[in-house]
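Participant: Protein sequence lines, in the order shown, are assigned to chains R and D.
Going by this note's numbering, the first sequence opens with residue 1, and the numbers climb by one from there.
Going by this note's numbering, the second sequence opens with residue 1, and the numbers climb by one from there.
Note that these hints are calculated values from the structure, not bench results.
Some hints here could point you the wrong way.
Cross-link-like lysine-lysine pairs, in silico, DSS-like; alpha carbons within 27 Å at most [said to hold, decoys possible]: (1) Lys145/D / Lys126/D; (2) Lys71/R / Lys137/D; (3) Lys321/R / Lys116/D; (4) Lys340/R / Lys116/D; (5) Lys137/D / Lys116/D.
Simulated coverage check for chain R against chain D, where a stretch passes if three residues somewhere in it have a Cβ under 8 Å from a Cβ of chain D [stated by the list, open to error]: (6) 114-120; (7) 156-163.
Predicted model only: the values in this text are computed from it and were never measured.
No residue lacks a Cβ here, since even glycine has one placed at the ideal position from N, Cα and C.
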Amino acid sequence: MGRSTRLLLAGSLAVLLLCGFSFNRTPLRDRWSGEELKLLASMQLDALPPAPADASNRFERSPAAAALGRKLFHDARLSANGQVSCATCHAADRQFQDGVPVGKGVGTGTRRSMPIIATTHSPWKFWDGRKDSLWSQALGPLEDGAEHATTRVHVSRLVRQHHRDEYEAVFGRLPDMAAWPADAGPLGTPEQRRAWATLPASVQAEVNRVFANVGKAIAAYERSVSYGASRFDRYVQATLAGDAQGQQLLSPAEVRGLRAFIGPGQCATCHNGPLFTDQHFHNTGVPQRDPGRPDLGRAGAIAALSRDEFNCFGPHSDADKTRGCEELRFLVDEADPALKGAFKTPSLRNVALRPPYMHAGQLPSLQAVVAHYVASPAATVGHSELAREGHVHVERQPIRLSEAQLRDLVSFLEALSGPVIDPLR
Amino acid sequence: MTRFTRPLKPFAQAASLVALLLVSACMSPPANLDTSLDRQTVEGRYRIRLQPPASAPAINQMHAWEVSVATPDGQPVRQARIAVDGGMPQHGHGLPTRPRVTRELADGRYLIEGMKFSMTGWWEIKLAVQGEQGADKVTFNTVVKGG
């Protein structure tokens with residue numbers, strides 16, 4: 001028998017297994033249709049492609065930039081009170097998040113801190129996608145009054161004082177800051193804004209360059225943080241290989257939950273792919289944290305994103321601005337009604353390890369989250385994409401799950417937990 | 001892509017290849033969905049032909065389509081204005097990007113850039129065409145497969 005014939009036979013055998021057949025082997029405990037197997041294969045971590053390159057940050061693969069970025073990430077001096085670092089809300093030992101409903105930095109924020117793991121796969125950062133790169137994202141909290149509440153001039157000075165050699169080894173000489181004010185920035189207190197306004201444009205550009213490089217170093221670090229395999233991934237591998245023993249990795253309840261996840265629960269509609277997210281924005285009628293001040297989500301972010309001086313089109317982006325920056329060039333229309341009250345689909349990897357849930361920590365548990373989708377309440381802002389009982393969507397059906405299925409679904413979500421891989425730790 | 005745990009590389013390669021072909025065969029296509037990419041517009045003013053990229057783009061990968069606009073008797077329609085919209089009717093959401101025609105490649109043949117599908121399944125691509133015969137529109141169906 002020739003090599004190619006053997007390969008063809010072997011391949012055909014694998015296919016028959018995939019389609020649910022088995023020969024003289026231990027029968028598989030859990031049978032899946034060919035379509036289901038294909039879906040499961042698409043959700044395992046091994047199916048995750050390499051992170052797309054961020055052309056706007058030419059330092060993103062620099063180990064020296066990543067090492068500096070890791071120090072900056074943990075440096076609490078980069079804040080108004082000297083007590084808040086990126087790691088305050090994105091703690092490495094807490095899934096790179098903080099476990100509270102809304103972030104607490106110098107002040108209190110209005111949204112849930114997102115885990116920064118594997119976010120380099122997403123074209124848009126934050127719950128509303130108001131940033132288009134990891135480096136630009138990292139700059140936002142530094143000047144946000146509720147978070148680090150510092151300014152770009154202050155940050156630049158601290159870099160010179162504490163990280164000068166490492167900075168210059170990556171990005172070249174720091175500018176002379178002798179004539180700069182102690183503290184100034186366009187988003188700070190009235191006094192800081194006045195000081196910024198007095199600076200010549202050439203000095204503002206020098207400051208912005210250092211500030212952008214701080215973001216690029218932090219991004220180089222964050223880019224290295226990824227998810228490791230969960231029990232779900234090993235179960236899928238075993239199932240695809242026809243390994244009956246390996247199917248024991250998930251309990252029968254977890255497998256029932258997985259069936260609900262990809263079936264009547266409709267979860268895999270948006271939570272798809274190896275990161276369990278379509279990286280898109282949806283309004284699912286999640287209750288407002290403060291109904292008096294409704295959060296418009298994606299709809300409120302488009303204008304800011306378009307005019308952001310640190311976006312892909314900006315002067316500090318390393319991308320080819322005529323042919324690159326495709327995400328910005330083909331950015332959705334702000335007036336699209338589907339954006340109103342829409343928030344990013346979060347990854348469900350390690351989701352059981354990071355309550356509370358939703359964009360402002362509105363729901364305390366996974367049970368509450370699943371119950372929300374079954375209840376499918378009307379949105380207080382915009383329109384929920386979910387179909388509701390009595391308001392049947394033309395194409396979409398309401399999510400109907402029994403109490404037992406709700407419990408199984410939560411069990412399954414717990415099987416998505418795996419290690420966080422932080423190579424520079 | 002399907003992965004196998006066994007360290008038999010040639011086996012895995014052959015298996016993956018055949019698996020891809022045959023697993024598709026054990027799937028059931030959506031019933032009664034017309035996925036023709038050559039259609040008349042609603043009012044019959046134009047004949048529109050869509051051409052997807054030569055190799056299927058990955059999920060969430062930005063890519064381009066070509067669209068040919070002709071009169072019903074096959075004459076290419078030059079300098080047409082074409083607006084692109086779409087979404088997933090089963091999920092109640094639109095396209096994740098705002099694709100648009102960026103240039104006319106040849107007589108009556110246009111390039112749509114900025115296309116992206118964020119998940120597998122049935123997507124609609126809706127074109128509103130404004131040309132010498134007036135305004136008309138057409139909806140195409142495409143089923144995005146994973147892998």
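Participant: So, for every hint listed, does it hold in this structure?
Facilitator: Hint check results:
Taken as a hint, the Lys145/D and Lys126/D pair is honoured in the structure, with Cα atoms around 19 Å apart against an allowance of 27 Å. With a CA separation close to 56 Å, the supplied pair Lys71/R and Lys137/D exceeds the 27 Å bound. Distance restraint check for Lys321/R and Lys116/D: the Cα-Cα separation of roughly 20 Å lies within the 27 Å cut-off, and the hinted pair is therefore satisfied. With a CA separation close to 21 Å, the supplied pair Lys340/R and Lys116/D stays within the 27 Å bound.
Of the pairs offered as hints, the one joining Lys137/D and Lys116/D holds, with about 21 Å between alpha carbons and a cut-off of 27 Å not exceeded. Counting residues of the region 114-120 of chain R whose CB lies closer than 8 Å to any CB of chain D gives 0, so the stated coverage by that chain is violated, three being the minimum. Coverage of the region 156-163 of chain R by chain D is violated [criterion: at least 3 residues with CB-CB distance below 8 Å; count 0].
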